[in-house]
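Number of protein chains: 2
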Amino acid sequence: MSEYAMTSKIIDKAIPRIDALEKVTGHAVYTSDIDLPNMLYGKILRSPYPHARIKKIRTERAERLPGVKAVVIGREFPYLFGETLKDKPALAIDKVRYVGEPVAAVAAVDERVAEEALSLIEVEYEPLPYVLDPIEAMNRDAPILHEGLAEYKRSPIVKVFPGTNICNYVVYEKGDIEKGFAESDYIFEDTFKAPAIAHAAIEPYVTIAQVNFDGRITLWTTNDSPYRLQVGLAESLNIDPSNIHVIVPYMGGSFGGKGGVKLEAIAIALARKVVGYPVKIELTREEVFTSTCTSHSSIVTVKTGVKKDGTIVARYVKAIYDAGAYAEKGPTVLIQGCRGAAGPYRIPHVKIEGYLSYTNKIPGDAYRGYGFFQTQFAVESQMDDIARKLGLDPLEFRLKNLIKEGDINPLGQEVVSCGLEKCLLKVAESIGWGRKEGKYVGKGIAIGFKNTKTPSSSAVIVRLNWDASLEVYTSLVEEGQGSKHILAKIAANELGIPLNKVKVITSDTDITPWDTSTTSSRTVFHQGNALIDACRKVIEQIKDRLAEKFNIQRSEIMFKDGEFIIGKDRISLHRDINRVLRTGEQIVGHGFYEPKISAKLWEHHGIFWMYVAHGVEVEVDPETGIVVVKKAVIAQDVGKAMDKATLELQLIGGTIQGIGNTLYEELKFDKYGKIENPNFRDYHIPTALDISEVIPIIVEQPHPEGPYGAKGVGEGPLVTIHAAIANAIYDAIGVRFKEFPITPEKIALTIKNMRIS
Amino acid sequence: MSEYAMTSKIIDKAIPRIDALEKVTGHAVYTSDIDLPNMLYGKILRSPYPHARIKKIRTERAERLPGVKAVVIGREFPYLFGETLKDKPALAIDKVRYVGEPVAAVAAVDERVAEEALSLIEVEYEPLPYVLDPIEAMNRDAPILHEGLAEYKRSPIVKVFPGTNICNYVVYEKGDIEKGFAESDYIFEDTFKAPAIAHAAIEPYVTIAQVNFDGRITLWTTNDSPYRLQVGLAESLNIDPSNIHVIVPYMGGSFGGKGGVKLEAIAIALARKVVGYPVKIELTREEVFTSTCTSHSSIVTVKTGVKKDGTIVARYVKAIYDAGAYAEKGPTVLIQGCRGAAGPYRIPHVKIEGYLSYTNKIPGDAYRGYGFFQTQFAVESQMDDIARKLGLDPLEFRLKNLIKEGDINPLGQEVVSCGLEKCLLKVAESIGWGRKEGKYVGKGIAIGFKNTKTPSSSAVIVRLNWDASLEVYTSLVEEGQGSKHILAKIAANELGIPLNKVKVITSDTDITPWDTSTTSSRTVFHQGNALIDACRKVIEQIKDRLAEKFNIQRSEIMFKDGEFIIGKDRISLHRDINRVLRTGEQIVGHGFYEPKISAKLWEHHGIFWMYVAHGVEVEVDPETGIVVVKKAVIAQDVGKAMDKATLELQLIGGTIQGIGNTLYEELKFDKYGKIENPNFRDYHIPTALDISEVIPIIVEQPHPEGPYGAKGVGEGPLVTIHAAIANAIYDAIGVRFKEFPITPEKIALTIKNMRIS
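Protein chains in written order, with numbering that gives the first Met the number 0: chain P, 0 to 756; chain R, 0 to 756.
It cannot be assumed that every hint is accurate.
If several chains are the same, the list does not tell them apart, and a pair holds so long as it fits within one copy or across any two.
[Stated by the list, open to error] As a list, the in silico DSS-like pairs of lysine-lysine whose alpha-carbon atoms are at most 25 Å apart:
id: 1; residue 1: 12; residue 2: 502
id: 2; residue 1: 22; residue 2: 68
id: 3; residue 1: 536; residue 2: 548
id: 4; residue 1: 643; residue 2: 421
I should point out that these hints are in silico values taken from the structure, not numbers from a laboratory.
This is chain P alone, in the form it adopts within the complex:
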């Protein structure tokens, strides 16, 4: 490491993002912008029933409509998709399982014709009993969504109970939970609920599929993980991964929703019927809301045993996550959510149980924080209650129990790179913790953590050209988070070249190398490491050439701050590369990174954990119930700030998203499980008018394996804000809300009832 020590001059510099100009001018290309010659347009017919058998589908009239090039139904494309549990057809085959499920699809010369063709498809349904509540769905007499559950292909980490709707069960234990409760002075038990939330990315789902004459599939698509999509499709379609070419242009937000196999499967089903022609499907906003995925609604019960002095002795958590009609990433969202369910505390006795249950609704799926915000909301709301009931200051209570460097976390992993205490203290200071600001004004704090999926791997290829320009080839998906910019900075920093000499080429599986996914806050950590490896391989090759040129030993050459040092001579890579490379000569480095952690430990471990604290000050209008977040502070331990502006925007953005979750957002289902508010008029996300001050605080506790010490960032800001707001509302009006969104109606009604009683 020492030989390569860089001053990280570029890393610490405020430089406009490399994608800024093309984005603000509207010239960045998104999937929706892509027009291909002879392109056809796809539309999807959807189920009006929450659960029904498909008796017959007649497509002849649709097929005869001029301009229609293909109609496809589920029986013609009998493949099942899913990441760890393959349960989802592209188009319903024997039955439909939620209102909005795709049943048939049409490709036509334009969208209008395709839309018209949908109305000509006749489907005969036989309605079936259905279930919308995940607890009811676990009853023995509940309607069963997946009779074939036992036969579905699944990963060994998924435990299903055939004959029920339970499509994953997980249990984590540490210590002896019964002993722990027996040793406790007090035991608290509360149940908390979170609703289904829409990802609400501004860009809808768009896929273009083209099937070549040799069967090879090309996809241009809104998906956060080109290679995982490639591998997932290959598994389901039973073809070689290399027969699927995935291209992901810029993406307008994902927040977890644009992973797995979504529109891609339907687009392929159509494209296979019109070989050679690209088929584009772009969902309407209503379709995005009603037929893609949501966060997992949840019921989380937390039972905590504490000593009188405030020492936490035992914690049992039971988490029930509503899968909706198909598993999607639910099984691993449950696993991850449960891994965080005890909160970031030193607790000797822990037991966590999680259930994932099918219901006849739109599927739940990954959502920023991957199952953590549901459990952190529960734990951190209860922590406040416990403190108050014990007569302790919630801040002191947390400080007393939180994990620090070298501790063992609730799952048994040693804590490494943990700035949690610092985060909490900074937040408390920033919001003036303990100072009462007025009647109906309250303050709340909450802390949390989130690990990254482990293990996972990334490769990056770099190409240094003879004019000292550099291409970085990476399969990261730039969806607004800024990783593309940060990789460019790392490359510039490693080689000592100006940032404007670096081009980052992203996400085309024919060109850019393997990367597991742009999820789990993993990109800068994993790809950053792979990129540094790639850059150093370039440097080593240049050293070989210099050694040959000057007839010296390789070991006589040092590289530092962009310069090769040979005795008293200094050769700048940037300025003098043409002394080494002739016109046309390029040096290629292929870097790879995978955490150096033993497979045995993966189950309970993450190669890094993000630590975060939120503090908020709210004012509640007791008449209208309207909550104003007057100030929100977030402090997050990021290991090393790789780009301060980008980082702060992540912290602010996540906080605002969480404010929306907590106060406004909820997908409302009618009695058939149909979403009643599928648009931005009826589904309210925060606008600039809703938001007051949000203060980001960066804490840097370097990670020993991170690039320059950096850890991931993206999901951290969304795991603690919900509880912080609920705690502040409690502080303001003395009411504990155990369910969000905490809407004005609920608050006003509660206050009214309190006054009456």
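We have chain P; now place chain R onto it with these hints.
Chain R alone, transformed into the frame defined by chain P:
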């Protein structure tokens, strides 16, 4: 080499070309097929004068036309382009130099509007004296085309004479030419002419240029050399090469015409005025004929001294090539043509002089064979005459003097890998040399050679995926010649994987590595070597992994026929790669090749020479003058046949092209230098109806440095056919034509005059 010895099973197999299916079904993408969002369309205003000063250009009316987005004139884009002599503006600046020269360009929302806008541009010209004949142009009192010749940037290999129209002069000498003539028994001197020929590629010139906000230029274009274009533009525009991104889709033929900087400069000039918007220019067929380039018309005088016994003692050649109005590749075409001007013979005393002269006509440029066919036509026509005058059989006369392995060629290079004699003997046998087939039926033979540009370099990157599929990244341009297929075969052969596992990704400077050019018959030789290097680097990396996995020495592992051999174990790369690589793991190899030949020798040498012989049998109708080529045989020494079918098509195609050159093709200029036959009705290229039997014979004299012994192929078939036909016509009717095309009119008139006289 031995360790890697492959059985070349795939190389010798007849397998359909990997690009066959997409081409025959019309799904291969050419530049013309590309539509981009917000694309504008460009049209070009052209000079009606052969030589005139531009006094004023008024563009206001054009600019005001609704739908017009940009109008550009030469003064706004004052850069000069050219490969070794930068003399050509994108749009004429101070004066125009030929009829058809671009003067202004318009970008508009569609082609119709752009066309209309052209009619609104007013240009005031002051006509100047002009010159069309290259010999007249070299006179002291000739109108001077380029007053600034001395100031143009040029390569040191170009010798210009400021104040004249001579834009290159070259002289090669070996031995003592005066002594040689003095020692000769007979001296023959003849002058031969070749016309300007159209490249006649079926695809016209198309360029799309887009300038990004940071000034970076992206080009999708019909150009044979993406990197040379990048470097050439960068030199002229004075920007970094990496700020120019060149993409070349499939190309529908080039034959040398689609190199250098053509439409690209004009498209950039427009695109810089509409930053962010792609501008597409697609030439009409008439524009292709009148304003791009042609072959060099030439006047070649050959003076040969021989002994009575037929030993050639001395040869002096003076070649005058007509540059047209701009140099384009003329300076190096002259150099190459002169390098071959003495023919493939052992001659002790040689002197060659070449002149390149500007005239007020469309520029001459590279044309398949790069200046060789003009000199080979001259030498091989005269060889026949000399033989007959000495009473020798033309075959015997050639066999007596031709170069063989180990000889010294006319330029002083030792002859390596030369199957010339075998080619000649096979051709003679195939056409039944010496057997008279009837009155007005004649036979002709000719031999020739062509070197490849030396030095030049190629890189290839390969990526082996965990499913044993392979990407080959190469900057070759697939213009119909089949190199893409041959590279795929080489990769499959090296790694022992099926051909359908290999994808070849071509010509995108952001992705594919450096390659000098897809010209000079160099691709299979140079890129083939680079590809083999890249594949072997992959194998070495797999060996590293195997050595680590099995805890053995790397040297204990052999790779042969697609299998790693470890003791008695055999691990197939194709079937067992997943024992080495996990999901997502890829291995990248970067290969490079540059001839191992000393710089001192470059001037007179080629790393390889192609050797070729043609034999034809013609029948002449003495009344109409119509010549029917009853049979044409070509034998070419290719080193090693890399794909028999592709190779035979190259030999047949080049022969047919040469038949067209010799019998039909000629661009006709009116007295203003305007082309009178700018379309396929008036400019006749051979059709299927014109062609009888063409027999390709492959001779394999392995080249020590070639991939599996292979040499290049593409230009060989066009250097000897012209003389073979002329010799056959002489054999049929006893008339020596020293100028082609040898049209029915010329023959009929000549026969008529003979009868009269």
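(request) Just pull the numbers of the violated hints for me, sorted ascending. (result) none
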